[in-house]
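Chains as they are written, first to last, in the numbering used here: chain A, 413 to 685; chain B, 413 to 685; chain C, 34 to 307; chain D, 34 to 307; chain E, 35 to 343.
The set of hints was computed from the structure by calculation and includes no laboratory data.
The following label-pair restraints were derived from C-beta to C-beta distances:
1) D:L300 / A:G431: 23 to 29 Å
2) A:G653 / B:T519: 49 to 55 Å
3) A:E523 / D:W140: 57 to 63 Å
4) D:A79 / E:G170: 48 to 54 Å
5) B:A433 / D:G172: 58 to 64 Å
Derived BS3-like pairs (lysine-lysine); straight-line CA-CA distance at most 25 Å:
6) E:K43 / C:K256
7) E:K136 / E:K168
8) E:K294 / E:K215
9) B:K471 / D:K207
10) E:K168 / E:K135
11) E:K43 / E:K243
12) E:K245 / E:K45
13) E:K243 / E:K257
14) A:K471 / A:K483
15) C:K207 / A:K471
16) B:K471 / B:K483
17) D:K49 / A:K471
18) E:K243 / E:K45
19) E:K212 / E:K294
20) E:K154 / D:K256
21) E:K168 / E:K154
22) B:K471 / C:K49
23) E:K257 / E:K245
24) E:K212 / E:K135
25) D:K207 / B:K483
26) E:K215 / C:K95
27) E:K136 / E:K215
28) E:K212 / C:K95
29) E:K45 / E:K257
30) E:K215 / E:K135
31) A:K483 / C:K207
32) C:K256 / E:K45
33) E:K43 / E:K245
34) E:K257 / E:K43
35) E:K257 / E:K294
36) E:K294 / E:K168
37) E:K136 / E:K212
38) E:K154 / D:K95
39) C:K237 / D:K237
The model shown is predicted, which means the values in this text are computed figures rather than measured ones.
Beta carbons are placed, not taken as given, at the ideal position from N, Cα and C, and that holds for glycine.
Here's the letter readout for the chains.
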Amino acid sequence: MDVMLRLSGVSHAYVGPGGAALAVDGLNLDVAAGEFVSLVGPSGCGKTTILNLLAGLIKPSRGTVELAGEKVSGPNPRIGYMLQQDYLFPWRNIRDNALIGFEIAGTRGPEAERRVDRLLAEFGLAGAARRFPHELSGGMRQRAALVRTLAREPDVLLLDEPFSALDLLIRLQLEDLVWETVRARGVTAVLVTHDLEEAAAMSDRVVILDASPGRIRTVLDVPASIRARQPSEARWEPEFGPLFHRLRGMIQDSEGGGPGHARGAGTQLDSRA
Amino acid sequence: MDVMLRLSGVSHAYVGPGGAALAVDGLNLDVAAGEFVSLVGPSGCGKTTILNLLAGLIKPSRGTVELAGEKVSGPNPRIGYMLQQDYLFPWRNIRDNALIGFEIAGTRGPEAERRVDRLLAEFGLAGAARRFPHELSGGMRQRAALVRTLAREPDVLLLDEPFSALDLLIRLQLEDLVWETVRARGVTAVLVTHDLEEAAAMSDRVVILDASPGRIRTVLDVPASIRARQPSEARWEPEFGPLFHRLRGMIQDSEGGGPGHARGAGTQLDSRA
Amino acid sequence: MPEEREHSWIRELEHKYRSRAARITLLVRILQIALFAAFIILWETAVRSGWIDELLFSYPGKIARMLGELAASGSLLPHTMTTVAETTAGFVLGTLGGTALAALLWWFPVVSRVLDPYLVVLNSMPKVALGPIFIVGFGPGYLSIIMTAVSVTIIITTLTIYGRFREIDANYLKVVRLFGGTRGQVFRLAVLPGSLPTIVSTLKVNVGLSWVGVIVGEFLTAKSGLGYLIIYGFQVFNFTLVLSSLIVIGAVAAVMYGLVSLIEARLSPGYRDR
Amino acid sequence: MPEEREHSWIRELEHKYRSRAARITLLVRILQIALFAAFIILWETAVRSGWIDELLFSYPGKIARMLGELAASGSLLPHTMTTVAETTAGFVLGTLGGTALAALLWWFPVVSRVLDPYLVVLNSMPKVALGPIFIVGFGPGYLSIIMTAVSVTIIITTLTIYGRFREIDANYLKVVRLFGGTRGQVFRLAVLPGSLPTIVSTLKVNVGLSWVGVIVGEFLTAKSGLGYLIIYGFQVFNFTLVLSSLIVIGAVAAVMYGLVSLIEARLSPGYRDR
Amino acid sequence: GGGSKEAAKVKVGEVTRSLFYAPLYVALSQGFFADEGLQVDLQTTAGGDKTMTALLSGGIDIALVGSETSIYVYQQGADDPVINFAQLTQTDGTFLVAREKKESFDWDDLRGSVFLGQRKGGMPQMAGEFTLRKHGIDPHEDLELIQNVDFANIPAAFASGTGEYVQLFEPQASIFEKEGKGYVLASFGVESGRLPYTVFMAKRSYIEKNKEIVQRFTNAVTKAQRWVEDHPAGEIADAVLEFFQGTDRDIAVRVIERYKAQQSYAVGGVIDEEEWNNLLDIMEQAGEITERTPREAIVDNTFAEQALR
Ligand SMILES: Nc1ncnc2c1ncn2[C@@H]1O[C@H](COP(=O)(O)OP(=O)(O)OP(=O)(O)O)[C@@H](O)[C@H]1O
Ligand SMILES: Nc1ncnc2c1ncn2[C@@H]1O[C@H](COP(=O)(O)OP(=O)(O)OP(=O)(O)O)[C@@H](O)[C@H]1O
Ligand SMILES: [Mg+2]
Ligand SMILES: [Mg+2]
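Could you put the whole structure together from the sequences, leaning on the hints where they help?
Rendered as structure tokens:
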């Protein structure tokens, strides 16, 4: 098994005028080439931080991050990162947005444009190429952001709650699309999500993180029967129900909550909403 | 059965410089006193519009909206409406935010303050009364908004995706809290949500709307065994799994999607994301 | 059948909406004209019945005649063109200069912290009192006038645009960095285009400020221009001339403002609907 | 055991961060002072070596002496106080008036549409040229000066604050309306407090503009004040006096700006962290 | 006259545009500068300070401005002092205007009145106070003297009801009279006597380098002064009206008439000792100077004398 991503003893603390906040604590994680891993855990447990570390956007306070055996020291076009929202530039049309990676590398040209056009068509965006982001639906924009990320043909795809702002149906469609794309290209993927169903349906392994500071609580392997199927179909597998219930049980336990504890939530801060 | 809310032949079209957009079309719906109804449907199908009509914020283009037999002609403190986000005033502390209903009515006084303090305590916010919204977690803020809405003791509670921005766990806790409050006070509730699990777990009836313009597609009655239990517990009922799957099946059918249709989503606009 | 009935009431709604909107627009135009007419009539009456001094306030008829004469004699246009050219130069330079300065501050955060108090003090300097410095630096001529206008606009432009630069959502910068973009590319691809609406809207403010700056500049030193006409009008105690010039200034400034609004509306549509 | 090790490296990080921040702050202060010193030295040298004309630029030593003399003779303080009082009055009135006007526009959207072109034209009127109107309307005295300052600030304040009023998230207004709130309550409970940060930040801009307005006003008519000193300095061609007055203006304006920043920082904490 | 063929360019800054400087515009309109082979580029730099600044910084070659400015400059120790070489006007140009018509006027009538004067530090104010003192009136004790209004706004202040008496330039005084809003009682120009009021000046270095040009310039000015001396006000008005857009011809004639009558327009640019001392007296009394600048230091009459020959 080739290891594509490796986090060894990674800790990270954010330092600011108010002091230091430990976001990730002594994390060890290997992701094999072509593997699809999901990260789930309560808000503020360090999921985005882990993606940022993998992408080389921030340097770990301690430990090392490796990409295919080499230390990650900064952003690298081999890694594609899709942020929680689409962050398409509103002043560029979809095609120009998708081409930005080439523009930055200085390699925008007929070849790059042909590749982007092909991808846009593949993602059902051929007709929207000249339109501006605000003219598109949320689902189309997420797809455009995906095209932008995939256009430079990354080996690794990092996805930070890519579907959380979307409608149920669009969500199911995009899950299938991403899953297929990742499989077809043999891309290694790390998905952060709050939706346990999504995590279970899409990935080979689900990593459950403890409440902050981020430590791995458990890792759950997804049965082969579910892994073999598209996410939207996986949900109809007989094994899916039990898997999902096991996952939720683990989360509710790990977070000290569970039925009947509702009134105690006042002490639990949620940095997101 | 006392009818608390009645929509008779309600249609609504938004008119603007660009023309008219039909948001709700010939809707008939009765909600009994003390009943808990959920509205689900694809984005843009008119769910928020229906709540706005019920709250008297907008007048229907055609048809009538009745509250306990009387025609609704404007906002009415008997109806409490919780918006999709908390919309607490950032410049007021939690207590002053919760008291705003009394301030507007000109009835803020020791009695109102005592009542609000009691509610805050009941919702686990006693310690946060003097704090400002930005100092609180998302879950605490949603609870504060709930206190603000409940303080004036409305007979009807309208909830527009109240938990969609929250973490899974906090969400489960708040679902229980709202459910218990509604039951305990005999309040009539209408909940809009994208989360089918939530709809199934919380309500007595689930109303499934067609894609826009909003028309009722189906109404699903929730079995008594599930209705009798707190949402977080309801999910563990044996009947819950089948109910949930039926619901999802209906949605996927009604929206013309379903497994394998992923690539067709390009034509479906999503006005939200 | 129901489809058709439905369409008919929606059309009716649309029709009602349109005619209401048209009625309001008409009302607004009528009120605008009425306000203007009332002002003119009040002015004329006030002077004629001696409530206010004709010497100081002139009156609309006289001003119209003066404007007619000036136009006929062919001297109105050159004066106006001079001032318009100076104002345009001043406000383009002020906006470009302010943007460039803002870019500098964004690029070097330490520089921005160092310069902060200086900018504040410069901003509250009455530029009128710096007249001699402009004359020394740029000679008694167009350059001084344009520089006065630039001095009035540049600092406030810098502060506004720099503020906007810093407000750009960090995630847009992240997108560029993720593709290995340099700091220059981050600025060029994300920060600058993301601030374009703000830059254009400071243009709007700067149109007004540049007019003030140019007129003040023409008070310092000028051979022609509307500011020159004003100061000359004061000199020869011809307030009709002063007021006529002010009216031309108002009209031309409104036109320039309208042009900037047009530019704003022409911005890539993605900008507007955010 | 691991807990303690963990704490030690985090503390180290914190320490590193703090000392780095302190180093940068120190650097900024040093650069600010160095810049100031360099400016003073360059100025002094330029005059002494005859690169620039002493008559026109004076030099720091002479200005310091002049300020010392003015202070010793007890005339600096009254002049400064006069101007500060006028500026304060002008900027408080300008801000309040602008807010009131903005409220009017918000309340009556038709009025806002009707007045829009008039506001634009008024905004680009050079207020200096309106001197006679102020003198006729408010007499040759403090009132004229204060009104000049108000005229400089009020329109831009109105436009900015009205813009903000309209930007308040409609859902906040909905909250008030849902409780049966009237339009007045919507304004008082949601629109006005929601715009307070904008109002305070226009205060910041208005401090600068009011200084300009008051100085211009003192140019029109004044018996005392820093603007008066400047004009007098020009009359007797004493640029040392002019520059001394400008320096006092800069210093006092910076202090006032600091005070407004303090008010801004004192705002209910909920405002800032949005 | 005559001179060489190539037109030398001269940049001139005037402190304001006024009928008080009629000879300058005559020289321009009648082509006297052109006759001397000069191409004069005239620029209004409003205010003595701006005009002097433009001169000192080399923005203009020759300034037309009050002599007092050159004294201020000299007293502050200029290396390259500004030299007065030709005077254009030789009296103050302001008038005493009353709100009410008077059959007879005595300066003592001013006692106890409200007097709207010119702004402190300028020549009109100094000449005004000098005149009052000459008539035994202490300007700061015996009447209420308002000195806080800007030059351009004094008419507005008076017209809106400030003051019983006002000190006004032309054409304001004549316009007030014509409109029946004020009545000219006396001339401060007559009362304060001869003095170098508005003078052409240049930096010493410029004069040394351009003696020829300065001479020709003075020749043209002198020619214009003679022309003004010899022609009736009406013709002068016609000659200069092109510089006074929008000014009523009647008013212009009246103003020129008045200035001519009181000999405000100098004939010949020579500044004599008596005039100089009068200026110094006035400034000294006003407290604006503490030492008397000798005439030789900043006046050079050689060009004016040559021109008269
Ligand atoms: N730039 C930053 N500066 C300081 N602290 C930060 C920063 N980013 C994140 N944190 C803190 O680090 C912790 C982990 O944050 P992170 O964003 O990685 O969580 P997350 O799991 O992605 O949460 P969410 O589910 O809400 O996105 C949180 O406590 C957060 O407050
Ligand atoms: N103020 C408005 N003006 C014009 N059209 C509107 C307005 N509000 C909503 N609409 C349109 O009416 C339709 C229904 O909108 P509504 O907000 O009720 O949908 P929704 O079901 O609540 O959607 P979501 O799930 O995204 O909140 C949509 O097509 C929307 O674009
Ligand atoms: Mg995150
Ligand atoms: Mg909605």
